[in-house]
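Please model the complete structure; the sequences and the hints are all you need to start from.
Reminder that position 34 of the sequence shown reads as 33 in numbering that gives the first Met the number 0, one-by-one numbering, no gaps.
Treat the hints as calculated values from the structure; they're not laboratory data. Don't take every hint at face value.
[Said to hold, decoys possible] Simulated restraints on C-beta separations:
#, residue 1, residue 2, range
1, K147, F108, 20 to 30 Å
2, E85, N139, 34 to 44 Å
3, V133, H179, 18 to 28 Å
4, F57, M158, 20 to 30 Å
5, L58, K89, 14 to 24 Å
Ideal Cβ placement from N, Cα and C applies to all residues, glycine included.
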Amino acid sequence: MYKIFLYTILMITYLGLSKALSPSEHGVQYLQNARAFSKIIKGTQSTVILIDTHATGFLIKTYYQKYRVISGYDNVEELIVRTSKEFAKKNMNHIGLSLYRKSDVGEEFLPLPPGSLYLGNREFGDWKTNKKGVTYWKFNKVFKNFPKYLGWGKFRPDMEFFQQMRSYSSLNQPYFGPKHEFGSQGKITRENFPQYFREERMKKIDMKTLLIEYFKENF
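Structure representation (structure tokens):
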């Protein structure tokens with residue numbers, strides 16, 4: 000009987016700790032699926048890049064995603080939303096990808112490399128050819144910071160990348176780059192969004208140890 004009572008106390012304490020350590024749901028918008036981006040993202044020429052995802056709670060989990068939103072002309076912000084379990088699980092491998100794009104001609108919901116919205120749009124840049132004969136994308140001077148915002152690092156998409164991306168898009172298939180450079184397993188994503196992957200490698204919390212330490216300090 001005593002063990003059952005102690006176990007119940009431990010569970011209640013753990014649930015309380017989980018709730019206390021969770022992000023506040025006050026003012027946090029809920030995203031059932033990608034279509035719900037339409038109600039959240041107001042600006043045009045906008046791209047939404049997934050930069051973090053995690054769940055809180057023990058018996059009842061709450062799922063959160065964090066995005067980098069680039070809208071219009073050099074306007075960048077970060078957004079945290081609460082999501083459905085299905086949407087969170089569906090996008091576990093899409094860290095660093097653009098999950099939503101809004102332009103003057105419509106909306107796109109297919110996961111693609113960040114910056115796909117702007118490629119080929121001369122309002123933002125143009126194709127250049129280097130000495131090796133490689134045609135690559137270069138942003139206009141006013142958008143010179145976009146590669147940093149998009150998580151490109153030193154990467155610059157070339158025409159082959161662009162055409163392959165369009166081919167995947169026409170088949171409604173997510174695209175991770177010709178060598179899988181983007182997404183949760185992609186080298187470019189891991190180099191330019193290191194915070195998520197540092198947390199991923201951290202030692203998982205042993206809840207038994209956490210509870211023991213909690214009772215030592217408080218009882």
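Taking the hints in turn, this is what the structure says about them:
1. K147 to F108: 20 to 30 Å: holds (25 Å)
2. E85 to N139: 34 to 44 Å: holds (39 Å)
3. V133 to H179: 18 to 28 Å: Hint holds: Cβ distance 20 Å, inside 18 to 28 Å.
4. F57 to M158: 20 to 30 Å: violated (50 Å)
5. L58 to K89: 14 to 24 Å: 23 Å Cβ-Cβ, so the 14 to 24 Å window holds.
Against the hints set out earlier in the document, a violation occurs for number 4 only.
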